[in-house]
Amino acid sequence: MAITDPPKIVTSRLGYDDSHTLERYLATGGYEGLRAALAKTPEEVVAEVDAASLLGRGGAGFPAGRKWSMLRKNPVTYLVVNGDESEPATFKDHLLVERDPHQLVEGVVIAAYALQVTQVFIFIRGEFALGLERVQAALNDAYAHGAVGRDIFGSGFSVDVVVHPGAGAYICGEETALLESLEGKRGFPRIKPPFFPAAIGLYGDPTVVNNVETMSNLPWIMLNGGAAFAALGGGRSTGTRLFALAGHVNNPGVFEIEMVKTTFHDLIHAPVLGGGIPHGRNLKAFIPGGVSAPWFGPDQIDLPLGQDEVAEAGSMLGSGSVVVMDDHTCAVRAAWRITKFFSRESCGQCTPCREGSGWLERIMDRIERGEGREEDLDLLLDACDNISPGVAWPPQQTTICVLGPSIPSSISSAITMFRDEFLVHIKEGGCPYE
Amino acid sequence: MSEPTRIGPPRRAALAPAAPTHLTADILTRARQVIDLYPEPRSALIPLCHLAQEQDGWLTPAAMVDIAGLVGVTPGEVLGTASFYDMLHTEPVGRHVVAVCTNIACLLSGAAELLEHAEDSLGVGAGGTTRDGAITLEEAECLADCDRAPCVQVNHRYVGAQTPGSFDQLVADLRSGARDAEIPTHGTLIRVRRTTGLEADPDAVADERRAAGEARAAREAVAPDGVGA
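In order, the protein sequence lines correspond to chains A and B.
The numbering used here puts the first residue of the first sequence at 1, with every later residue one more than the last.
The numbering used here puts the first residue of the second sequence at 1, with every later residue one more than the last.
A couple of the hints might just be wrong.
[Said to hold, decoys possible] Residues of chain A placed beyond 10 Å of chain B at every Cβ, according to the derived structure:
1. Ser12
2. Glu23
3. Gly61
4. Lys67
5. Met70
6. Ser155
7. Gly166
8. Ala270
9. Asp308
10. Ile363
11. Arg373
12. Asp385
13. Met417
[To be verified] Which stretches of chain A does chain B cover? Using the computed rule of at least three CB atoms under 8 Å from a CB of chain B, they are:
14. 90-99
15. 119-129
16. 137-146
17. 177-184
18. 251-261
19. 338-348
Derived by calculation from the structure, the hints in this document are not laboratory data.
These figures come from a predicted structure and were not determined experimentally.
Here a beta-carbon is modelled for each residue, glycine too, at the ideal position from N, C-alpha and C.
So here's chain A without its partners, still in its complex pose (with noise of 0.2 Å):
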């Protein structure tokens, strides 16, 4: 395996200081590939984004031109792109609205065009002050541009993009729940079927719900055409993605990386990458794809970072973040820090989601303390087979949305791979790192 040098689909401007700015978008080909979608019909377009097989960006990975394809017997009414990037270690959507707000817009009416709506909302998650404000300045501008709004460029073709801002809800990221949270209620995720977007979405009627990083991708394609997007990457993982790397990093950051060439370990060690492990410590397991996202070991991390070759180890790239824990880690505490997590954002509909994710988080908590008993390893799992049952990979799920499934993630890959630590804490009332 090796670290390609692929074309910058997504990140070409991240180097100038002004990238968010129109001046600058426009002198680096800025609206040149709605030109080109709008020189074609809506059917070509979505024909093009089928032939990059792009995969969605925000974590479950369903490929967006069969999304927008599925919605072809329907009138599509509503586009909604979803920024509530609210995954832990997750920081990809947060760079693109804050340092290329242009290029989503661009993107999202790339997207209005094919599928022919002429209403969007871009969801944003309301802890993005400054790139709430970019996003709205970008689209202010892009509408006195004429990319936005009446007869763009001349086509005849009009859509209205509205920015909405979110409040501070986890559970928003989840599709139906962000439907809910604009349509200005709780955000509940709705049951599936017959709640999918595409047939019953906002207000009732079929939207096209799409993540920030794959409306970003759209101006790219379009002006070098999917072929060339399917070209990079393997198998089903086409393209490049964004990887953002965090935790036990020397160069922790966010990173355009081409699907399935590069391995983990690249990931993480190589220079221009992750740059290595701090302080000459060794790595004791990392998270492939969010929180949601089964553990790996050093035994996983010559797997490419490919969505098929993660999901086959046992995990998922999900989210596109990878956390790093060396050595000097403690894994409950780790878990602890994660199920709280989960606990404090379960919604609340669901009974296995809201009250297990309250007894694993006393659990955990009383076991970090070093107030645990042994019999609370197996007490820890038959909560988790609560939620999901089996506690296996892919998840069962008991409940209406995926939240609960992911809750045993990290309690389970910190049993399995260090079943150790919590009996030292276990039996010596406390932290063997502290």
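Model the placement of chain B on the given structure of chain A, informed by the hints.
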């Protein structure tokens, strides 16, 4: 014949949306512009809550009554929605809400120690407000700035990774107003205003919505409970 004796609490007057009494003229103008951007007024509920926080620093009961009238729901529904969301404060907060993330990436970079220091130096626990009303300290979930860990936001503006020493300087600067230009007081979320209304042809949009409505009615006729749609 006399009126039958009514058992139970007295009836309330019907909930006709009252004219707003609390929100200022400027906020009201902007609120109505926001409502006009959505097909359904209720969609503006959360953006309006942010605007009310811009006026008051938090979401006051009087503001919730005004918002209810503006979007056509009861004040209880505004509270019931707002209380679901971390950023909408239905109790007063300080001028600066300082959020320290302690989620996994920040935990690995010393966030727990930073939060402990913050609690000690400010003299309040997470969730508390200093006596002078300057600072509300919060323990935050991941704020998506994990390459600058431990991550801190003030009024939802990133201030970069902090150490205990730099944190004390940050608090001193917030108290003295040294960072006011960069960080507005709590509640002001988006300082860039939208410069246009909706531009797409309203007749075409109306036609589209009508077609969608008819399609929806046709689907519901086949599957009234939505199953199989």
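Quiz item: Which numbered conditions among the earlier hints are violated in the structure presented, ordered from lowest to highest?
Solution: Number 7 - this is the single hint that the structure violates.
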